[in-house]
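J.: What follows is the residue order along each chain.
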Amino acid sequence: MTGMEGLRDFWQRYRRNKGAIVGLAVLVLVLATALLGPTLFPGNPWDMAGAPFQKPFDPEFPLGTDTLGRDILMGIVHGARVSLLIGFVATFAAVSLGVILGSVAGYYGGLVDDLLMRFTEFFQTIPSFVFAIVLVAIFTPSIASIVAAIAIVSWPPVARLVRGEFLTLRTREFVQASVVLGRSSRHIIFVEILPNAVSPIIVAGSLMVATAILIESSLSFLGLGDPNMMSWGFMIGSARTVLRTAWWMSFFPGLAILLTVLALNLVGEGLNDALNPRLTREGR
Amino acid sequence: MPTKRFLTPLALAAMLVMMPDAPADAQQPQRGGTLSSIISPEPPTLMIGISQTTPTAIVAGKIYESLLRYSTDLKPMPGLAKSWEVSEDGRTYTFRLHENVKWHDGQPFTAEDVVFTATKYLIEVHPRSRPIMQRAESVTAPDRNTVVFRLKEPFAPFIMAWEPSTAPIVPKHIYDGTNYRNNPANQTPIGTGPFKLQEWVRGSHIHLVRNDEYWQPGKPYLDAIYYRVLPDAGARVVAMETGQTHLSAFADIETFEVPRLKAMPHLELTTKGYEYLAQMVWLDFNLRNPPMNDRRFRQAVYYAMDRDFIRDRIWFGLGKIATGPIHSSIPHYDANVPKYPLDLKKSEQLLDEMGLKRGTDGVRVRVTLDALPYGDIYKRLAEYTKQALARVGIEVTIRTSDVAGWGDRVRNWDYEMTHQVLSQLGHPALGVSRLYITSNIRKGVLFSNVNGYTNPRIDELFSKAAVAVEPAQIQAMYSEIQRILVEDVPVAWLLELEFPTFINKQFRNVVTSGIGVRDNFADVHMVRQ
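As you go down the protein sequences, you meet chains A and B in turn. The numbering of the first sequence is the numbering used here, which starts it at 1 and goes up by one. The numbering of the second sequence is the numbering used here, which starts it at 1001 and goes up by one.
Okay, chain B solo, but in the shape it has when bound (with noise of 0.2 Å):
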């Protein structure tokens, strides 16, 4: 047996939970008071387990909980694990429960419920947990409150796949043996969060209400949350301006409102808690085609964008400009690496090399360019990447379609150039290395390689850095990885999407975590004034 080891900041987070309350708040908190929030698009499912969506995981993570939850720097926080150990050669992990936890239909909850949820519903239902879930090679329950992970072989982002959206533990009382996506009980969840589901008027609100029996003592401290469907984005800010709901997130409140609403005086404004999804945007080349499969042409085009026009002008200054693949909040990140300043000679200089000359209409090369169907603020990014390329002779058209169209043409490989927004959850090797390995290029799935990348070096090292232990062999593997990517430019990474979150001052520890407004809720409180 090797020897075990603690991970300190895990201990140290352990302990803040025994401690009095945030001291940035000098009240105590008191029990009481109603939350209002903002939902859109109406989730689909409460039944976080079969609905990955960000409404669904929005409502349903008050209502099931996951083994861990992960601070703003992305240190895993204690979730219905109390405490965690790693063993030494990285392939045996150990968590302990907290006692007394109880379903919300009152049956205890036990170590039994997380290897049915991990080796049996997530393998069936979850397509993110899946091939996380599939390392194990065993998975046990030596007590009532102990489960332990054997994995096949090391994973250190194991560690990292803990969160209500990716893992939700799910009663085995209730699902074990039936069919898991059609069980009535998903339209009544059952979880052990801090909330229950009380009332699903569909088209209007989600009624919430306090679960009394909530395994932490005195918590939450809110009576109900109220999730108010509100589909149209005008009619969103006003119900923040006028407080008739209290909280907004992700795209609830559009870009351009924000500095408007940011000035009121009885909101909060953060963009804190996006840490654990950190999504991207980027242009994407199909590189099946040319002139995208040569290098100097998507360096060309990453040298003719510029990014600070983008982040200032399209997202109003909420973003990051991205240096690469991988984003700044997640692990192994390194700046370290070239860099792609708006330079129109350089590009031009590229495109000239590659032979593509301007004809007498100043033209070099014609693309097409499939907008991203997501809203305004994606049409005026492809209309920004149309004028931004015209001025080094590339010649975009743009290519306008719905949600399904357009996904069907990106999965199905049929485009030239396209935008793309993803998360990459936590780890490199949860949410970035799908879109670079060759073994991932599956024709008819979104969100896979879909532009065709493929490079030995990149395979080897991220398959090798996905299994290592030694941190600073994996930190090597990463910063190479980065390196050759950016290098490459198989995609032009453009920015690291911030969201607004808007509160309303009358409510403290509302985003406490890197997993923000997905997260349990258990100690937000109302101020009274």
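Bound-form chain A, shown alone (with noise of 0.2 Å):
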């Protein structure tokens, strides 16, 4: 099976589920925004731009503008790329933490695999939004504090998974053989097992971009956001107090979080269609 056709079989199957047609084009709608909204709506969305309290649907404010006369459409555009940002690098390195000790340990198995586990153990325990606001406060709000705590929250489930996946594959007859030739461990993690589990790491993985985008936007709603970046958990946060008086303040960063959540979740689950088939036929 060349690689192009494994490309287009994957498409046939991904495509069969229409929800994750849905979601994979508001997900490109809004990496595009993400990737050429500064360029299309040039400007800082920080700038106190209008009168404050402007009813939105007005020509020159669409979405109407918050509480210091910023422009809503503005910070959604600008605050895509910080909460799709967050969200892919606290996902990514949150997977690489995973992946590494998840397959460590479903490898070596035995003392290795157990301390391992307990260590992972000893962060599961902790309730992960309450972890996360601990790491945050302590180490004061920034983009690079909030990328750690929620990639330091999130790792524990990968590695379990990853670890489970390693245990059955490494009694397979392919690893053995590689074993039998004489490969070094290392050679064997990653080239021979690895790639056989990636489908549900990339499962996993899409999911917790949208997870991760939602921990940002509460850590901001609580106040514990990066006070120097808009994000859309901060707008809702500022807006908060003056929901009864402004509900578009909220309204619009609300939305675009729901939708690109719902995205990345519909996006997830046709991913797991395509990458394990048989499982999705039997199930239906």
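Everything labelled a hint here was simulated from the structure, so no lab data went into it. Be a bit skeptical, because a hint or two may be false.
[Unchecked claim] In silico lysine-lysine, BS3-like type, Cα no more than 27 Å apart, as pairs:
no., chain 1, residue 1, chain 2, residue 2
1, B, Lys1262, A, Lys55
2, A, Lys55, B, Lys1386
3, B, Lys1152, B, Lys1464
[What the hints assert, rightly or not] Computed list of chain A residues with no C-beta within reach of chain B, every gap over 12 Å:
no., residue
4, Asp9
5, Leu31
6, Pro62
7, Leu68
8, Gly110
9, Leu115
10, Leu135
11, Arg160
12, Ile201
13, Leu224
14, Leu259
The beta-carbon is built from N, C-alpha and C at its ideal position, and this holds for glycine as well.
Using the supplied hints, reconstruct the complex from the two chains, each of which is provided in its own coordinate frame.
T.: Here is the structure:
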């Protein structure tokens, strides 16, 4: 099976899930906004561009202005970049850490496995959001500390998932064959086993991006966001107190978060269908 | 013995007490009625001597009294003292106390209680009162109803130090010889005020009832006051709208809700009653670090701040633009100082002069601003400051932290710029000089001269003005202080804060003095419709 064919096959299976197509379309739109938005809407989202409390659906400020007269549309466009950046970077860090610890534990087993899994459980016993709040509060809110906090609270499930995959895969013949051939452990882990365990990791990762965006928004909502970065959670948090007089200030960023997180979940489900074909057909 | 003279406005104020109630109210005040007020946050204690927080002062101000009260233009009015004299040399203060005053436990109140409070109690427990009381060489009680303070040197602001939260009079028979801070009586406060503590349900409410033995005959008019603990801002607005509570003060109602509540027919809005506290918000520079150590930089920042915007857009019109270090409601305020209107050109010119040229990214210099962790309004002020200074090429990075974290940074001088809010306490010598004199640069102490401003001329003027006797001379010194400071811009004074007090129109005479809702409420009465 060549790469091209594999990809076509994958796409065939992916598009059978209608929700996943919608999710992908929304996600592409959000990604485009994040990439092109600042070029299409140049300027600083923090600028007090107009009078405060301007209602939406006005030609100059289509989504209205906030308590200080900042353009809400600008905030959403520029906030997309921050939200997605945090989502992807934090997920990448969490997945990397989870994969390394999970594969080592699953491959070597025994004492190494025991130690690493107790270590993982230590993190799993702390409620993740509370832990994230503590970390950000200690290291003063900044984009780096938020990404680090999200990564630190998100890696344990990945580690457990990867460990599970490795435990089953390492007993397969092709792995044993590699061992007999005298391949190094590193080669076996990364070249032989990991590519076969990649599907569940991708699915978990795509859902984790959504969770990371939600955690960042929740932190910003609580006032623990990076005060120098316009993000959707910050916009909702700063408009929360005026919810009764100015609904639009929290509604539009809230809608942006909802759509993005929903899209990521739908895409994750589509990936699951496409990457585990047998599982899906049996399930339906 | 120097000849004594009566301060005429004081005598006038004393006479007012004898007169029937305010003429604005045609009706004779009637007894009865219960006032329900918001209190937020919940006070840590009701022992006003050991806690100077505002919630404590509001509730305990009905239970404890001091010798004096202050009018909205900060003239002393009788409290426990019915009259007072200051000797010609400004060193002897004689207070004549009301007779037949009783503590809530039935014991008589005498001059001995005042002597005990001033010479022992306040000096041990009250950080703000201590330096004032320590100026007394002797405090004596020649008879049951007279107290004489002999000061080491003249100190005109002495007359401003007698409101309930600065100098509450406590019962000697309960506190003398005990550990003041841990005395179990702190849980069951015994004062001389018009209301007594009936019950305190933590997290819910504080119930005060009428003191039937109050020394002012016929007063108080109200039967009871309930203080409702309402930590949620939204719930506080609803409580005022629905009439569940009748009184809100300080930051109970958020500024953007003020226009809506103001339009409600059953509510009255006043911004009076905060004159004694006189709170001011400013932008503080740590003068130890460049570029803040250069006066031109501070002036440039001052020119770049649109204070009309701050007042109108952030405080929704509640406030007055500050002109200098002294709040305009405080004695010796002088408006005749250099002005810093919004002027971006001048600001950039000053920065150019300093050699801070714009880089390729348009940035001249980068500074960190610690946002004041007192709620949304200060967060918005920080965001505004960042934007305002970006216009002249100063890139501000905002740092946020909790109250403890902010306090640690500021008192240990580990900051570049921050906002601060502080009360001026009725007199520049009590609330202003502490921020600018060299002797008050004390590491680890919040609300001292944290930014490290030092100017020998200012030190000299403040110390001379505090002990001077001749009014014209005092004013000349305070005027010079204001001119020098405004030229130097050790901090950038932004706004004199006004707080909205909402009063349900069923109640009258709620705010009648410069200490506002912290006053004793003996005159508050309910109108039956």
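J.: Classify the label on A/Ile201 as holds or violated, using whether its beta-carbon is more than 12 Å from each beta-carbon of chain B.
T.: About 35 Å separates A/Ile201 from the closest Cβ of chain B, which puts it past 12 Å; holds.
J.: Would you assess whether A/Leu135, listed as outside the interface, keeps its beta-carbon beyond 12 Å of every beta-carbon in chain B?
T.: holds (14 Å)
J.: Over 12 Å from every CB of chain B: does A/Leu115 meet that, or does the non-interface label fail?
T.: Answer for A/Leu115: holds, closest chain B Cβ roughly 36 Å.
J.: Taking the shortest Cβ-to-Cβ distance between A/Pro62 and chain B, state whether it exceeds 12 Å.
T.: Consistent with the label, A/Pro62 stays out of reach of chain B, its closest Cβ about 21 Å off (over 12 Å).
J.: The output says A/Arg160 does not contact chain B. Does that hold with a beta carbon cutoff of 12 Å?
T.: Check passes; 34 Å lies beyond 12 Å.
J.: Grab the minimum beta-carbon distance between A/Leu31 and chain B and tell me whether it stays above 12 Å.
T.: It holds; A/Leu31 is separated from chain B by about 27 Å at its closest Cβ, greater than 12 Å.
J.: Would the pair A/Lys55 and B/Lys1386 pass a check requiring their Cα atoms to be no farther apart than 27 Å?
T.: holds (25 Å)
J.: Given the hinted pair B/Lys1262 and A/Lys55, is their alpha-carbon gap at most 27 Å?
T.: With Cα atoms ~22 Å apart, B/Lys1262 and A/Lys55 stay inside 27 Å; holds.
J.: Using Cβ atoms and 12 Å as the threshold, tell me whether A/Asp9 really stays out of contact range of chain B.
T.: Its Cβ never comes within 12 Å of chain B, the nearest being 49 Å, so this holds.
J.: CA of B/Lys1152 to CA of B/Lys1464, is that 27 Å or under?
T.: holds (14 Å)
J.: Does the no-contact call for A/Leu68 survive, Cβ to all of chain B over 12 Å?
T.: It is violated; A/Leu68 is separated from chain B by about 6 Å at its closest Cβ, not greater than 12 Å.
J.: Would the non-interface assignment of A/Leu224 survive a Cβ cutoff of 12 Å against chain B?
T.: About 8 Å separates A/Leu224 from the closest Cβ of chain B, which leaves it inside 12 Å; violated.
Violation of the numbered hints given earlier is confined to hints 7, 13; the remaining hints are satisfied by the structure.
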